[in-house]
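Protein chains: 2
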Amino acid sequence: MSVRALTVGLGDRSYPIHIGRGLAGQQALFAPHLESGRAVVITNETVAKLHGDVVERTLAAAGTRFSRILIPDGEEHKRWETLDGVFGEMLRAQADRRTVVVALGGGVVGDLAGFAAATYQRGVPFIQVPTTLLAQVDSSVGGKTGINHSLGKNMVGAFHQPLAVIADTSTLDTLPDRELVAGLAEVIKYGAIRDLEFFAWIEENLDRLRDRDPAALAHAIARSCEIKAEIVALDEREAGPRALLNLGHTFGHAIETLEGYGTWLHGEAVATGMVLAARLSARLGRLAHADAIRLETLIRRAGLPVEPPTLAVDAWLAAMGRDKKNEAGRITLILLDRLGAAAIEKNAPPRELEALLSGR
Amino acid sequence: MSVRALTVGLGDRSYPIHIGRGLAGQQALFAPHLESGRAVVITNETVAKLHGDVVERTLAAAGTRFSRILIPDGEEHKRWETLDGVFGEMLRAQADRRTVVVALGGGVVGDLAGFAAATYQRGVPFIQVPTTLLAQVDSSVGGKTGINHSLGKNMVGAFHQPLAVIADTSTLDTLPDRELVAGLAEVIKYGAIRDLEFFAWIEENLDRLRDRDPAALAHAIARSCEIKAEIVALDEREAGPRALLNLGHTFGHAIETLEGYGTWLHGEAVATGMVLAARLSARLGRLAHADAIRLETLIRRAGLPVEPPTLAVDAWLAAMGRDKKNEAGRITLILLDRLGAAAIEKNAPPRELEALLSGR
Numbered sequence: 001m002s003v004r005a006l007t008v009g010l011g012d013r014s015y016p017i018h019i020g021r022g023l024a025g026q027q028a029l030f031a032p033h034l035e036s037g038r039a040v041v042i043t044n045e046t047v048a049k050l051h052g053d054v055v056e057r058t059l060a061a062a063g064t065r066f067s068r069i070l071i072p073d074g075e076e077h078k079r080w081e082t083l084d085g086v087f088g089e090m091l092r093a094q095a096d097r098r099t100v101v102v103a104l105g106g107g108v109v110g111d112l113a114g115f116a117a118a119t120y121q122r123g124v125p126f127i128q129v130p131t132t133l134l135a136q137v138d139s140s141v142g143g144k145t146g147i148n149h150s151l152g153k154n155m156v157g158a159f160h161q162p163l164a165v166i167a168d169t170s171t172l173d174t175l176p177d178r179e180l181v182a183g184l185a186e187v188i189k190y191g192a193i194r195d196l197e198f199f200a201w202i203e204e205n206l207d208r209l210r211d212r213d214p215a216a217l218a219h220a221i222a223r224s225c226e227i228k229a230e231i232v233a234l235d236e237r238e239a240g241p242r243a244l245l246n247l248g249h250t251f252g253h254a255i256e257t258l259e260g261y262g263t264w265l266h267g268e269a270v271a272t273g274m275v276l277a278a279r280l281s282a283r284l285g286r287l288a289h290a291d292a293i294r295l296e297t298l299i300r301r302a303g304l305p306v307e308p309p310t311l312a313v314d315a316w317l318a319a320m321g322r323d324k325k326n327e328a329g330r331i332t333l334i335l336l337d338r339l340g341a342a343a344i345e346k347n348a349p350p351r352e353l354e355a356l357l358s359g360r
Numbered sequence: 001m002s003v004r005a006l007t008v009g010l011g012d013r014s015y016p017i018h019i020g021r022g023l024a025g026q027q028a029l030f031a032p033h034l035e036s037g038r039a040v041v042i043t044n045e046t047v048a049k050l051h052g053d054v055v056e057r058t059l060a061a062a063g064t065r066f067s068r069i070l071i072p073d074g075e076e077h078k079r080w081e082t083l084d085g086v087f088g089e090m091l092r093a094q095a096d097r098r099t100v101v102v103a104l105g106g107g108v109v110g111d112l113a114g115f116a117a118a119t120y121q122r123g124v125p126f127i128q129v130p131t132t133l134l135a136q137v138d139s140s141v142g143g144k145t146g147i148n149h150s151l152g153k154n155m156v157g158a159f160h161q162p163l164a165v166i167a168d169t170s171t172l173d174t175l176p177d178r179e180l181v182a183g184l185a186e187v188i189k190y191g192a193i194r195d196l197e198f199f200a201w202i203e204e205n206l207d208r209l210r211d212r213d214p215a216a217l218a219h220a221i222a223r224s225c226e227i228k229a230e231i232v233a234l235d236e237r238e239a240g241p242r243a244l245l246n247l248g249h250t251f252g253h254a255i256e257t258l259e260g261y262g263t264w265l266h267g268e269a270v271a272t273g274m275v276l277a278a279r280l281s282a283r284l285g286r287l288a289h290a291d292a293i294r295l296e297t298l299i300r301r302a303g304l305p306v307e308p309p310t311l312a313v314d315a316w317l318a319a320m321g322r323d324k325k326n327e328a329g330r331i332t333l334i335l336l337d338r339l340g341a342a343a344i345e346k347n348a349p350p351r352e353l354e355a356l357l358s359g360r
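Protein sequence lines correspond, in order, to chains A and B. The working numbering puts the first residue of the first sequence at 1, with every later residue one more than the last. The working numbering puts the first residue of the second sequence at 1, with every later residue one more than the last.
These are computed hints drawn from the structure, not numbers from a lab. Hints are not guaranteed to be accurate.
Derived coverage of chain B by chain A (criterion: at least 3 residues anywhere in the stretch with Cβ under 8 Å from a Cβ of chain A; other residues may be distant) [what the hints assert, rightly or not]: (1) 118 to 129; (2) 250 to 263; (3) 311 to 319.
A few chain B residues that don't get close to chain A, going by computed Cβ distances all over 12 Å [unchecked claim]: (4) 45; (5) 83; (6) 147; (7) 239; (8) 324; (9) 328; (10) 332; (11) 345.
The structure displayed is predicted, hence computed values, not measured ones. Glycine residues also receive a C-beta, built at the ideal position from the N, C-alpha and C atoms.
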C-alpha cells in the first residue's frame, strides 16, 4: 500500500497529512517534529494496548524521551476533570514548552490532547496520530481542539494546528464495527456538502468500505482529507465556508448533549442530523425530495441511524440555541441545495424547524 | 487629568491602552469595540459594587445588551472550577462568538476572564478594564491569560490579545493599601529590568506614589505600560526577550504555589523574588552588591516584603522546576547585570542557587 501525503495550507503553520498502512512505525515521519527530544503520548487504555508500543518504539528510535498519559475512554470523559489530570501528569513529568504532545487515539483523545497542547503553559506543539476512521477523516485535521461543557458539546476549546497528522490506516483493522460505521458518517458528509462524484463513489463502494477493503478505505480517507484541507485553508477560524463542514452537526450536537455524552457516538448523531438537515432542506423547497431520500438511503445502508431520539421540541431548540455558529440568539443551520452543494442558513423559518422536530 | 494613549504594536492585532481618570464612563472608548451589541461583564462582588454600575451604564449608552457574571474574589479562585462556572453562565446567557467579554477587575479577573474569552467557543473578543495598580501596569497588557493548577501558578492558559485596555486610574482611589503596594512591585520591576532613570524616578517619588498622588500614579502607569508594550511587540509569545518581564517571578510563583494561592499577593511574592534574584546576581558577580542593596532598599521602603518564607530547599527547587521558562529540566532565571539591565540565564549554577535558598 502506498503512502499518500497532503498538505493543509496555512502559511507558516502549514502541515502534512500522511495516510497509509504501518505509518506509526515510520521514524522518518515523526523525527522532523521531535527536535526537542521530549514528548508525552496522550492516549487511552484500549488504544495503548493496541498501538502504544509501536508509536513509543518509533519515538525512542528517534531519540525522544517520552512518558505516557492515559485518559479514560469515551465522549463523557472529554471534559475538564480529565484535562486537569492530564495537566497534572504533564507537570509531574516536567513537560516544558518544547515538549511535543502526541495525541494517539480517536476523536476524544485528539480533541482533548490537542486542547491540552493549546493551553499547557499557553501552548506547546503536538502531533495527531488518529486511530479511528472518524479521527482520520475529520477530527484530526484542521486544528479544532476542545472539550465538552455539561451545557453544550465542544463549547470550550481553541484553534491549535498540529505539526503533522500521521494516519496509520492499519489501526482500522482492530476498530470495532460500530466505530467504523460512525466514521462513515463523516465520509458521506464530505460527498454531500462538496462532491457529488465522491458521493456516488461511496454509494458504489459502500460494501467494500464496510468490509474494510484497504484500497477503498485509503481512497475514502484521502478524498475526505483533501476536501477538509481545502476548506480549512480557505477559512481556518470558521468565519465563513468552514461552517459547511458542520452539516448535521447542530442537530447532532443537540442529540449528544441531551442524550448524555457517549450514548450516541458522534458519527451516529451527525448521521441522523444530516437526515434532519436534508428533510428540512426539502421542506423548504431547496433540495429535491429525491435527493433527500438518496442521502437518507445511503446513511441507512451504511448501518447508521436515520431517526432521532424522542425529545421535546423545547429541549431541541434550547440545545440548538447553544451552538457556536449562532448569532444574536438565532439558530444557524447548514442546509443542502443539492447533493454536493451545502449552504449556511442564518434565518431558517422557526415554524418549519419546529414542525420537523415535532415530527409533524 | 489628561488621558494618555499608547499602542501595543502587533500588526493586525494591535490595540490601544488608554490611561486616565474617569475613563470607565467614556462611551467613545468602548463603542468602537462593541459593534456586535452584545457583551458579558466578568467581575467580582467587591469590584462590581464600586465600579460595576459605571461600566454597565457606559455599555448601555453604547447600545450594548450585557449580562454580569460574578466570580469569587482571590487568587485561590483563579482555577478551573471558577472558569467552568463562567462558561455555564455564558452559555445560559446565549453568548456567541461575537459577544465581547469585558474583564472588570484586578489580575485574577483579567487573567481568568481573558482565558474564558480565549477558549469560549474557541475564542471571543475581550476588553480589559483593570481596576488595580498591578493590573493597570502589568497583567492587563500583553495578552497573557490563564488559570493556576494546583501544581503550578499560571500553568494553563493562552496568548489572547484584548481589543483594548481601558485603565481608569480613579479606580485606584478605593484600592486597599496592601494592593496598591503590591502593584508597586511590578512598577519597580520595569525600572530594574529596563530603565535606570525610571528606577531613580520611583526612588524619588515613592512617597507620592504611596500617597496616591494622581500625577505620580499616572506617570508610573504610563511608563510601565510603555516598557511592557515595547517588549511585547518585540516578542509576543515569549520566545526571547519577553521573559525579562519575569524578573522575580520564578521565585515568586514558587512562593505563591507553596504557601497556598492568595496567602501572599502576587506583587508581594514578586517583590521578594526580585530581592532573591538580585542577591543571586550579586553572588555570581554579575551585579554590584551596592545595586542589589539599592533594589532591596526600594522594595522595603515601598512596604513590600524582602525575606521569603521558610521553605525546604527541595520544595523550592521542585516548584521552580515547574516554571514555563524552563527547558529540559533546567531552571531558567532572570538575573540582573545592573539596575536597568536584566538577562535570561539558562544555566544558573545549582550550588549557588541552593546556597541562596537555604539561607547560606
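Verification of the supplied hints:
1. 118 to 129: holds (count 6)
2. 250 to 263: violated (count 0)
3. 311 to 319: violated (count 0)
4. 45: holds, 24 Å
5. 83: The claim is violated: residue 83(B) sits with its nearest Cβ about 8 Å from chain A, within 12 Å.
6. 147: violated, 9 Å
7. 239: It is violated; residue 239(B) is separated from chain A by about 9 Å at its closest Cβ, not greater than 12 Å.
8. 324: Since the minimum Cβ distance to chain A is about 4 Å, residue 324(B) lies within 12 Å and the statement is violated.
9. 328: Incorrect as stated: the minimum Cβ-Cβ distance to chain A is 7 Å, not above 12 Å.
10. 332: violated, 9 Å
11. 345: Label holds. Min Cβ-Cβ 16 Å, cutoff 12 Å.
In the structure shown, a violation is registered for the earlier hints numbered 2, 3, 5, 6, 7, 8, 9 and 10, in ascending order.
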